[in-house]
Amino acid sequence: GESVGLHLPTLSVQEGDNSIINCAYSNSASDYFIWYKQESGKGPQFIIDIRSNMDKRQGQRVTVLLNKTVKHLSLQIAATQPGDSAVYFCAESGGYNKLIFGAGTRLAVHP
Amino acid sequence: DAGITQSPRHKVTETGTPVTLRCHQTENHRYMYWYRQDPGHGLRLIHYSYGVKDTDKGEVSDGYSVSRSKTEDFLLTLESATSSQTSVYFCAISESGPGRGDTQYFGPGTRLTVL
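Just so you know, the protein sequences line up as chains A and B, in that order.
Residue numbering for the first sequence follows this note's numbering, starting at 1 and increasing by one per position.
Residue numbering for the second sequence follows this note's numbering, starting at 1001 and increasing by one per position.
Hints are all accurate, no fakes.
Chain B regions said to be covered by chain A (calculated; three or more residues, Cβ under 8 Å):
1. 1029-1043
2. 1104-1110
Once the Cα atoms are required to be at most 30 Å apart in a straight line, the calculated DSSO-like pairs of lysine-lysine come out as:
3. B:Lys1070 - B:Lys1053
4. A:Lys98 - A:Lys42
5. B:Lys1070 - B:Lys1057
6. B:Lys1057 - A:Lys71
7. A:Lys42 - B:Lys1057
8. A:Lys68 - A:Lys98
9. A:Lys56 - A:Lys42
10. A:Lys42 - A:Lys71
11. A:Lys98 - A:Lys71
12. A:Lys98 - B:Lys1057
13. B:Lys1070 - B:Lys1011
14. A:Lys71 - A:Lys56
15. B:Lys1070 - A:Lys42
16. A:Lys98 - B:Lys1070
17. A:Lys42 - B:Lys1053
18. A:Lys56 - A:Lys68
19. A:Lys98 - B:Lys1053
20. B:Lys1011 - A:Lys98
21. B:Lys1011 - A:Lys42
22. B:Lys1053 - B:Lys1011
23. B:Lys1057 - B:Lys1011
24. A:Lys98 - A:Lys56
Label-pair distances were calculated between CB atoms; the ranges are:
25. A:Ala24 - B:Lys1057: 18 to 28 Å
26. A:Gly83 - B:Asp1054: 38 to 48 Å
27. A:Thr69 - B:His1010: 42 to 52 Å
28. A:Met54 - B:Glu1059: 22 to 32 Å
29. A:Thr69 - B:Ser1007: 41 to 51 Å
30. B:Pro1008 - A:Ser52: 33 to 43 Å
31. A:Gln58 - B:Thr1015: 46 to 56 Å
Since the hints were derived computationally from the structure, they do not count as laboratory data.
Heads up, the beta-carbon is just placed ideally off N, CA and C, and yes, glycines get one too.
In isolation and in its complexed conformation, chain A is listed as follows (with noise of 0.2 Å):
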């Protein structure tokens, strides 16, 4: 499949680690986030969400944090797996009817 970016801030981690992906959001009136995950030559998933009434939200195996002092947003994937090798991006909701997505960063995750 096409690669989703050939540029991609890359992070590496061990099978069994935990990942911790960040992202930096421009709009502090927004009030919705979404994480997507996207594999090679796929759309992308949804992964989990939060409003901003929400500091924290956990999933399975998953957790979003949210920091609206400094508009940071992470995604914490407990005991990463290969199948957890993807781009992953946050997307903010930027006004009515609309997502703002970032541009992404692709998990590798080694044996």
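With chain A's structure known, arrange chain B on it following the hints.
Using the frame of chain A, we list chain B on its own:
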């Protein structure tokens, strides 16, 4: 892919020819979106629809038009394709707008090459 199909999945065409991409959903969601994805640019919104026959422009709408005559179908047309429109195109759907805290779900994408 949340009941979303895109057709064709791959297309090669020549500069100056018209091209239409189709997005079909089975979720009965009100909102539908067309994005393009290019290396170094991430996902950029082309057009979106908030109901049958209701559409609006996104940030990169020049050279593209859309139509939505039925809830389930959203068409993207390149009236006269140019090489700069070579990209991967994604359709997305949502029940309500993201301003109301609603997630967008994406289709599998169409890879378009304009020679």
